[in-house]
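Participant: Each protein sequence line maps, in turn, to chains A and B. One rule links them: number in our numbering = place in the first sequence (from 1) + 6. One rule links them: number in our numbering = place in the second sequence (from 1) + 217.
One or more of the hints may lead you astray.
[Said to hold, decoys possible] One-sided and incomplete, this derived list gives chain A residues near chain B with beta-carbon spacing under 10 Å: (1) 12; (2) 19; (3) 26; (4) 28; (5) 29; (6) 31; (7) 43; (8) 44; (9) 80; (10) 93.
It should be emphasised that the hints constitute simulated quantities derived from the structure, not laboratory data. Since the structure is predicted, the reported quantities are computational estimates derived from the model, not experimental observations. The beta carbon of each residue, even a glycine, is placed where N, CA and C say it ideally should be.
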Amino acid sequence: MNGFIYLPDVVTLELDAELCNGCRMCTIVCPHAVFELRNKRASIINKDLCMECGACAMNCPESAIKVKSGVGCASGIINGLLRGTEPACDCGDGANCC
Amino acid sequence: MKPGFITGQLQSGSLTIPVISSRWSTRDYLDTLKVRWSIGRMNYRVEPGLYAVGSPDRKSYVFISANYKLSFDHLRRALDEMNAWILVINTKGINVWCAAGKKTFGTNEIIQRITSHRLEQLVDHHRIILPQLGATGVAAHEVKQRTGFSVTYGPVRAKDIKAFVYAGLKATLEMRTVTFPLKERLKLVPVDMFYGGYYLLLVPALFFILSGLSRYGFSVDQAVSMGWKAVVNLFSGYLAGCLLTPALLPWIPFRRFSLKGLCMGLLTSLVLFLSGMLGKNLLEIESWILIISGLSSFMAMNFTGSSTFTSLSGVQKEMKVLFPLQMVLVGSGIVGWIISRFITF
Chain A
7 MNGFIYLPDV VTLELDAELC NGCRMCTIVC PHAVFELRNK RASIINKDLC
57 MECGACAMNC PESAIKVKSG VGCASGIING LLRGTEPACD CGDGANCC
Chain B
218 MKPGFITGQL QSGSLTIPVI SSRWSTRDYL DTLKVRWSIG RMNYRVEPGL
268 YAVGSPDRKS YVFISANYKL SFDHLRRALD EMNAWILVIN TKGINVWCAA
318 GKKTFGTNEI IQRITSHRLE QLVDHHRIIL PQLGATGVAA HEVKQRTGFS
368 VTYGPVRAKD IKAFVYAGLK ATLEMRTVTF PLKERLKLVP VDMFYGGYYL
418 LLVPALFFIL SGLSRYGFSV DQAVSMGWKA VVNLFSGYLA GCLLTPALLP
468 WIPFRRFSLK GLCMGLLTSL VLFLSGMLGK NLLEIESWIL IISGLSSFMA
518 MNFTGSSTFT SLSGVQKEMK VLFPLQMVLV GSGIVGWIIS RFITF
């Protein structure tokens, strides 16, 4: 995805390869091919492509992946600021939402 | 009233399951167009539950879908000429990816639906197929642990399902990767265009009226002769951010969406200036440049919510500096423009 890379060195993604059992789930669920299996263990090959969706951490049975996931969405962040909560889309009744 | 896509029903043991069409009707196409333009988008839902495509049996695959009708429609269309089950879970009418982000397309809802719809009575295998983008809300190992059903993640896009099934439930890297081509970006533009809501009428109306102000007082004639330019300038700035920037996204320099928007805003200002739209005195011209570029930058930043590759940390980083800047640009622009009303023409 040339031209579709966001800011470098900002994502909170962390992998503890020691805990990895080589199940491949992270390579399957990641929508940006951030992971690759090397020597039967997951490794991060494209960290800056990560959009912090959290699918990898959610599906890692060994909890080897940590990422502060959330909506990469400016109006979600503004919503959070206005309400004093974490960034969140406004999905109340009838409200506009992604 | 029975939805149009239900064509009959079939009996499987003690379960009666609606059979649905895998083709879209004219109505489906029209409704899709409507929700893309934000009309009735928040109430475009399918009843959660089990559905049958073709004539599925105890060996047929079970596909999980959100109950946003557009998600459901894409799935049933992708299953054309196949025999399969669809289990629609309740995501409150939100699409798969967004619902997964909020965990309504989530582990618990899936486990509960597997149990309440007695999936183990319907099929002999113990496998459910989920859209890959649902993975953000679902822990596959937990579903397996608590229901015995193993989760297989299908491709990102429904149109690849057939190829995925024929390859023995294997997806290529391409099928697993999210892209953001021009066509997809443009599909998301109309919803963003309505972001302003009623302000889209209110603000231009105010500018129109204020255009009649001068040091000689208020003149309706002047409001009419000048006001339309103000309205055009405002909408140009707005569209530079929410239409032009998304359309040209990968080709505009900078990675921060707000800076991309700022570029497009400045470019739009230049075009408007050369067309004589920005006014006659220097203060008014400057003020318009500030308003247009600030507005465009803000709307472009807003498109991070539609994009498929921006991270929360990244958006927070760009907003920290650029959101206040946008406020300053637009705020000082408005003040400057009002003052410019009282400078001699």
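Participant: Hint by hint, note whether the structure agrees.
Facilitator: Outcome of the hint check:
1. Given hint, residue 12 of chain A at the interface with chain B, holds; its Cβ is 5 Å from that chain's nearest Cβ, closer than 10 Å.
2. Hint on residue 19 of chain A holds. Least Cβ distance to chain B is approximately 9 Å, under the 10 Å limit.
3. Hint status for residue 26 of chain A relative to chain B: violated, with the closest Cβ pair at about 14 Å, above 10 Å.
4. At a threshold of 10 Å, the smallest CB-CB gap from residue 28 of chain A to chain B is about 14 Å, leaving the interface hint violated.
5. With a least beta-carbon distance of about 9 Å to chain B, the hint placing residue 29 of chain A at the interface is held under the 10 Å criterion.
6. Among the interface hints, the one on residue 31 of chain A holds; its C-beta lies about 7 Å from the nearest C-beta in chain B, closer than the 10 Å criterion.
7. For residue 43 of chain A, the interface hint is violated, the least distance from its beta-carbon to any beta-carbon of chain B being 13 Å, above 10 Å.
8. Interface restraint check for residue 44 of chain A: the shortest CB-CB distance to chain B comes to about 16 Å, outside 10 Å, so the restraint is violated.
9. Because the smallest distance between the Cβ of residue 80 of chain A and any Cβ of chain B comes to about 5 Å, under 10 Å, the interface hint for this residue holds.
10. With 10 Å as the threshold, the beta carbon of residue 93 of chain A comes within range of chain B, its nearest partner Cβ sitting at about 6 Å, so the hint holds.
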